[in-house]
Amino acid sequence: MTESKAVPLPSPAQPDRWAHLRRHTDARIALGHAGSGLPTAAHLAFQAAHAQARDAVHTPLDAAALLAALAERGWPAVAVTSAATDRAAYLKRPDLGRQLSEESQRRLSEPVRAPDVVLVIGDGLSGTAVQANAVAVLDVLIPTLQAAGLRVGPVVVAEQARVALGDPVGALLQARASVVLIGERPGLSAADSLGLYLTWEPRPGRVDSERNCISNVRVGGLAPAAAAAQAAALLGAMFAQQRSGIRLDSPAPAAPPELPGAGAP
Amino acid sequence: MAFAHTLAGTRYQFPDLKTLLARAAPPRSGDALAGLIAASAAERVAAQMALADLPLRHFLTEAVVPYEADEVTRLIVDGHDGAAFAPVAHLTVGGFRDWLLSEAADAAALTALAPGLTPEMVAAVSKIMRLQDLIAVAAKARVVTRFRNTIGLPGRLSTRLQPNHPVDDPRGIAASVLDGLMYGSGDAVIGINPATDSVEAMTALLEMLEELRLRTGAPIQSCVLAHVTTALRAMERGAPVDLVFQSIAGTEAANRAFGVSLALLDEAWEAGRALNRGTVGDNLMYFETGQGSELSSGAHEGVDQQTVEARCYAVARRYRPLLVNTVVGFIGPEYLYDGKQITRAGLEDHFCAKLLGLPMGCDVCYTNHAEADQDDMDALLTLLGVAGCTFIMGVPGADDIMLNYQSTSFHDALYVRQLLGRRPAPEFEAWQQAAGIADSTGRLRFDPAASSLLPALPLPEEQP
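Residue numbers (this note's numbering), protein chains in the order written: chain A, 1 to 265; chain B, 266 to 729.
Note that these hints are calculated values from the structure, not bench results.
Just so we're clear, the structure is a prediction, and the values are computed from it rather than from any experiment.
Heads up, some of the hints might be wrong.
Here are some, though not all, of the chain A residues that point toward chain B, as calculated from beta-carbon distances under 7 Å [unchecked claim]:
1) Trp18
2) Thr25
3) Ala27
4) Arg28
5) Ile29
6) Leu31
7) Gly37
8) Val57
9) Thr59
10) Leu91
11) Leu188
12) Ser189
13) Leu222
The beta-carbon is built from N, C-alpha and C at its ideal position, and this holds for glycine as well.
Kindly generate the complete structure, drawing on both the sequences and the hints.
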């Protein structure tokens, strides 16, 4: 057996000579190469990003912590679940994530004074995003709406929720508008993006073009307070025009080109 | 027509052809979501056995979507070439599988047969094939297309360079283009998914790629994957449009959801050809497909997702496209749940498209809510490489920061090319040496300063 000498050797991976171009894009350029493969560091950096995204999809929503945070602020809240009984069912059956469980339907059928706006916090595809950003949005949004004279209904905390779960919730509470705060599908660059979906007269059967969306709400993206201000402005336009979605005249940014599957949780 | 098969004492019945096809389909979440999946593994095999006994001729008499109600069905039926079909006209679906695996089905025989096959026939035979069958037969098919270079020659594997950026920043896109070209990608197309679908955004990006092409003499084609109506307006305004792109579906109603019809595609094809920008050929359409898009727009018409995907290829072949690719894992786990389902779907789509005569590539990809990871992509990439896939995507580090999904990287393309001895399109390969990207032996130099690329891209001059 030969004894190896402790001489420092250059890495067998080849760096790329255009690393300075990385300042123009977040794309994974100039990674270098080991043979035709990725150098170890770049390979493991990718694995780490994917792991965070996977964990964000599969981390259950900590509803108890959310309810406690809402109670601390004196905001009434109610916990519900969709008809999807677990994460696998949720991922395979988007239709179940858009319906309330029978128990939750009963819970929301108790008589309440119909609110102007119902706020729904749903886990969507990233519980991480909800845990990190939802309450921070409400901290600004709820006082803003109340100052504008709007009646804000109970905050509904929904597990295994899709965006359209806000429709049966809004219908049962007879809300005039809904705001669904929901975890967006995690990408490798951000696993904690929250989306806000606003719907005038939320009722089952509403389609995506009848909603307005504010996306990429996170630290490093659109700040929660700024998202709340945008949401309040959109709600103002909705109450003035009695509609939402593509027919709403508002300064909302244009939607990206449509791609199947690209979309919302 | 109703079908039945008895397996182990149980009689399974299927009221019509589309139900038989759906029950025979290997399992996938989208067919379960649509309520079309076989109720048991035994029912699935019974359906496969009934399907294997079905004469291929039957497909010429029973449509899965009514002729009167669907222009894709009319395209399939009216465009069927009876003379081309003759060599297999006497076979059942099972007999057709055996014939495809036989030595009689060589490249020339498959090319001659393509106009005689319907999407439903090839979907049917794929349902009774294992992965090795899908690979072995597809590997025999030859489909060659040309615009400024030649795609699909034996021993070649092309790549789409996909330099997307979340806000279409020209420098950000240029940096990814340089990265990809240094790694040998881009011979199929440099294709950008725009963040904003507008004539202005499309034109600005096309002009940047046109500048690169003209200043380096690259035999490449560019594409901005905006809606076909945007491309039409861009062409009217004189933008340098090489390839005309559109996502397509397998039913008239699903195409309507995409905002297209055959008439609109005809118009776009005509407009593209009128520009006469190809140098070695005039194949200029670029289509994307993917199982599940019809169901996602509620327009699958009760047809299983793999059969209705194959119907997209009838639409595609009308336009003699340069490139078609199935974006197989993009749509999410409610249609293809995990790596196993994505792998099978990618190989099915590649097989069916090749039998119908299309230059089929595959976006080997997944989203973070699917049960899939890089290992699954490596497996599918390798299998598709062996199957003779026409092209794959090249995305920096496999991470598309605009569309938020994972595809194949420039490194992945190098891996499969080196492993299988595949090379880029010949014109592109020669240009790589002329432009200083590769040395005289064809080896990549990984040195932008030794190439002619830097002055041709909107990147500020600076020392590394």
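Which of the numbered hints are not met once you compare them with the structure shown?
-> 9 and 13
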